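Undergrad: Spelled out, the chains give:
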Amino acid sequence: MTATDDDRRADTGSPAVAELPEAVELPESISLETEEGRRLASQLADEKTKHARKLLEVRDLKTQFFTKDGVVHAVDGVDFELDYGETLGLVGESGCGKSVTALSLTRLVPDPPGKIVSGEIIFDGVNIMKLSNEEMRLLRGKRIGFIFQDPMTSLNPTLTIGFQIAESARLHLGLSNRAADDRAVELLSKVGIPRARDRMKDYPHQFSGGMRQRVMIAIALACDPMLLLADEPTTALDVTIQAQILELIRSLSDEFGTAVILITHDLGIAAGMCHRVNVMYAGQIVETGLVDDLFENPRMPYAWGLLDSLPRLDEERGSRLRTIEGMPPDLLRTGGECRFAPRCPYVRDVCRSAEPELTPRQEELHMARCFGTEPGGWIQ
Amino acid sequence: MAVQSTTVDAKVAERPPASLYRDAFERLRKNRLAIVGGFIVIFLVLLAIVGPFVTPYGYDQLATNQVREFRGPLNPGQGGHLFGTDQLGRDLMSRIMDGARISMTVALVVQVTVLLIGVPLGAAAGWFGGRIDNLLMRFTDIVYAFPDLLFIILLTVVFKDTWFGKAVDGLLLVFVAIGIVSWVGVARLVRGQLLSLKETEFVEAARAIGVPDRRIVTRHLLPNSIGPIIVAITLGIPGAILAESLLAFIGIGATPPRASWGTLILDGQIWMSSEPHLLLFPAIAIALALLSFTFLGDGLRDALDPKLKGKQ
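Which chain is which? The protein sequence lines are A and B, in order.
Mapping of the first sequence onto the working numbering: position 257 corresponds to residue 535, and the numbering continues sequentially without gaps.
Mapping of the second sequence onto the working numbering: position 87 corresponds to residue 1048, and the numbering continues sequentially without gaps.
No wet-lab data here; the hints were simulated from the structure.
Honestly, I wouldn't trust all of these hints.
Stated by the list, open to error - Cross-link-like lysine-lysine pairs, in silico, BS3-like; alpha carbons within 27 Å at most:
no.	chain 1	residue 1	chain 2	residue 2
1	A	Lys408	A	Lys393
2	A	Lys420	B	Lys1159
3	B	Lys1121	A	Lys393
This one's a predicted model, so the numbers in the text were calculated from it and none came from an experiment.
This is chain B alone, in the form it adopts within the complex (with noise of 0.2 Å):
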């Protein structure tokens, strides 16, 4: 008994104690391309945060000797604008740093709307199963079957005029709004984990030892399918990110001065021709932002897959 526990022992030893998501970094570490989809996700975070307490412009500051006498947009490092001004002479970096703020905040408050009611609704489905799996699945289905734009611009409409509808510079409407209609994947994996993970004799061996139901779904079943939950917000958000780009660029959104990507490629598309700039740059930006999620996402879904282990 000594023995086999201690050659046991000494071989467990040799190699540092790992966990299953400690094992999981070092396997996304590897993974070159996540890992720069994962700094540029980092940058456009710390721009969105720190960006427009550093420009010298606020991002509705007109140029005023433009405003005198107007002579359109300005070229990419004209007149001290790095990235140019747009027709009204504001600068257009100051504008795109203020759109990665709005954007990575869609990409928060729309996932987060998406945990709060995807993860508990896909629970209780796949935990209970039966008649309730029934219901919730199949409000899941009509969720998933309305058409999101006619139900985002619905809602939109309706509130306009409340608190609720102008907080946030009307932007906390068009977040929620879509988080209402992008959570139903996320409760469609969750119930599909939950009605596998059920099975497993771990949750026999928690109810042997008198384990609370509750406590079983959420300290025993939940942190077994995180993995696949963290790949899916992380896979939804380039989703959230263009939504609201697309509803801004329909005039869906933020109320002027404040622009969102969308609202810049809008107001660009008029100058396509002659000043391109002010298309390229934001263009460039959501490019950037969608991509970098996209390859950090995939990046997590090929480190937390458990059958992918030892390979690359």
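Next comes chain A alone, as it looks inside the complex (with noise of 0.2 Å):
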């Protein structure tokens, strides 16, 4: 284990805040005249660089797809960081461009109609975007993990399931068979599954579906991968196993060290599992900062609304739900206001002539793409 990893166990306690650790200074004991000295040198230096970036960083990520009817634009311009180890909430109605955004940071948006037509992902300081195909195939299972939202449909059903978690391993850390299948029971029976030697030569019509998304995040953590995109992982499923399989990706991101990006339209599950959150609408990041100061003070009307549209207990019976009128804008079309502006309750004439950018809030690393709560403006 080398000390980068210690680091990135650690930051999984309060992975937060970007702390960025202190200078790190040459050691007078070190000589830049003799080569070993230089080399600790060098080490240090890498070590300082390592801790000063983050592990993900998507700058202006748009994602386009080309339909017959015209060009839909998916993500419009997305900007998001990523500390090793921390988990981020992805929260937005369906078809806000969530999921696309997770295909994108794997280039596995279908293509065509899809296409990533601009933007950088620096991925543990690599831009993924300027990889080759064969490249990106290594990262893909070995540093960057995926559970999919349907457990049902994602296992192949004519593969047991030791073959279909081995896989991975075989292809990325080039373990013989048996390595391969030892790595997959143990995965399989730290993903709870009983028996797992057992199971191993089973299929997947005879798991159940909680332990089938099970499977799939034994697959996905098969080559303990850094980041781990989890695209509603619990939508298909009754919500006994919800909470099962969210701690168990808790738990296993926590063992691992495993920075998470949890896709979700349940602000619940957001709250409870997610150390920041960004709120996603019509392609873009509306809203995000530290869940906790999301959660009690929003600062854009679509976050508002998504939280008061969650039914609660403590309200009387009989009331109605309160729900965001309207419908998501077309993403054929967009610019030149507020994409939220024809939904929005607090709208003004400054929102229907020009697009808000995500501009800070009071809190730390809390901004809101909205005219109406920034600094001046008319919503408190």
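Fit the two chains together into the complex; they arrive one by one in their own frames, and the hints show the way.
TA: Written as structure tokens, this is what we have:
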């Protein structure tokens, strides 16, 4: 285990705030005159930059789908960062670009019709937009794990569970069949499947939905990735299993020091799991902040709407559930106005004449895309 | 968590572990017609392999006493020949067994050719889609539209005097020729399968763990279409056997004295009125082979069709 692994793990406790380590000074004992000294110095410098940088930096990501009706701006200028070991929530209603963002991060957007038209994705210091397809393939599964929404259809019905878990270990870690099988058994018992070795030879149809999602998690974590993308991992499961699966993702990501991007439309899940949350609307991030700040003091009417539309236990019986009026905008035409303006109860003329930027709010790391809540705005 | 896992576990433990194909086999076993067909197929294969070794007569062995004093074909049972003999005194049963050899080899060689051409071509078309798909499928259409018989006759004429035309008594050429015109169905089947399978989520999941494309096709997609392929191959066998017999009937194929079932029928029809057994026995052999392969194929189709799961 290297020093950086330790630090990654240590970070998971309070990784919410990006803590830069104190500047690494060269100890006096290291002299740049000797070769050994230079080597140590460059090692220290590496450590330093590694702490300074993020696991993931996404800059102005734009993913578009070229359809017969025109260009769909599914992801339209998304910026965000992720620390080593951090859990980030990506929330928003259906069709707001959450899943396409995740697919873009692994360059798995179906092409055609989709295409990442611009932007940078810096993963662990490497711009993955510049990688060849083969280099990208080697990154998937090894450094970035992916959990899909529906465990019923994400496992191949004709291959054994064991084969499917061992496959990525065989592909990426160069393990022999036997070693890969051992690794698969270890993972399978780690995700809470009893009698793991016996069940290696079973087929997916012999597993329940919750168990299959456990298997998917085992597959995603097979190579101990640095980043886990979980695309609505519990949407297809019933509520009791949801909690177990989320707990499993949390405990394993803590154990492995894996950073997680959790995509969900369930704000409760985001609140319970994440350090930080990005709210997406119409292909953009409209609000971002630490989970407590965002839930206590949302600074964007859309985020309000989302929070208000949750059913609450302390409400009077028979009272109507509040909804956000209207439909998400057509992503074929964008720009020129605030995308939420047509549905916003606080809308003013300025919202229709220009598109707001993501600007800082009071709390650290809290940003929102709304004229009304900017300093001096009309919404309090 | 633990409670949930153990209850699920207990439920699964009640029935023996079963793969998809073991389930399919269970369903097949309940289909009486398919099982009878399967046994006849096994019988025919055994007949083709060991039959010629156990008969006392060779397929080209003339009854010496008959050459001296020719009296025409012997009737069944006469002179120790169970199925009788033909006009030259050759034992009909031995000739039918040798014909079974030809027919079973046709079944094998033709379908292997079909697999070798049809599966890769269909898989490439279905996986890549777009222009490659278009190109390969138009080529397939051309092969489909070209008259089979004409193509085979042309091929046999062109290669008649080469080693290829003479290999295995001239049969290899016929087998391969039939194979070359028969792969179209399997190619279209595999293409269709891959077109729908490549959109499934487990393919995306395989991509997401970095499985190379070639491996996705061979290890993840083809196993999913193996059921339909088995059915298509089994149901294609009667067609291949019939095609070979038909060619033999019009005089293309095995060089005498080797005779396929088609040749035997051709020879037998001359004696139809006086010695019907010469026509009857080869005809029964063909009918039996065609029916049993068809029944087996139908049974396999029902057994491997996931929609029929739990019925019957």
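Undergrad: Given the hint that Lys1121/B pairs with Lys393/A, does the C-alpha gap stay at or below 27 Å?
TA: With Cα atoms ~56 Å apart, Lys1121/B and Lys393/A exceed 27 Å; violated.
Undergrad: Holds or violated: are the alpha carbons of Lys408/A and Lys393/A at most 27 Å from each other?
TA: Measuring from Cα to Cα gives roughly 14 Å; hence the hint holds.
Undergrad: For the pair supplied as a hint, Lys420/A and Lys1159/B, confirm whether the alpha-carbon distance does not exceed 27 Å.
TA: 23 Å, holds
Of the numbered hints stated above, the single one contradicted by the structure is hint 3.
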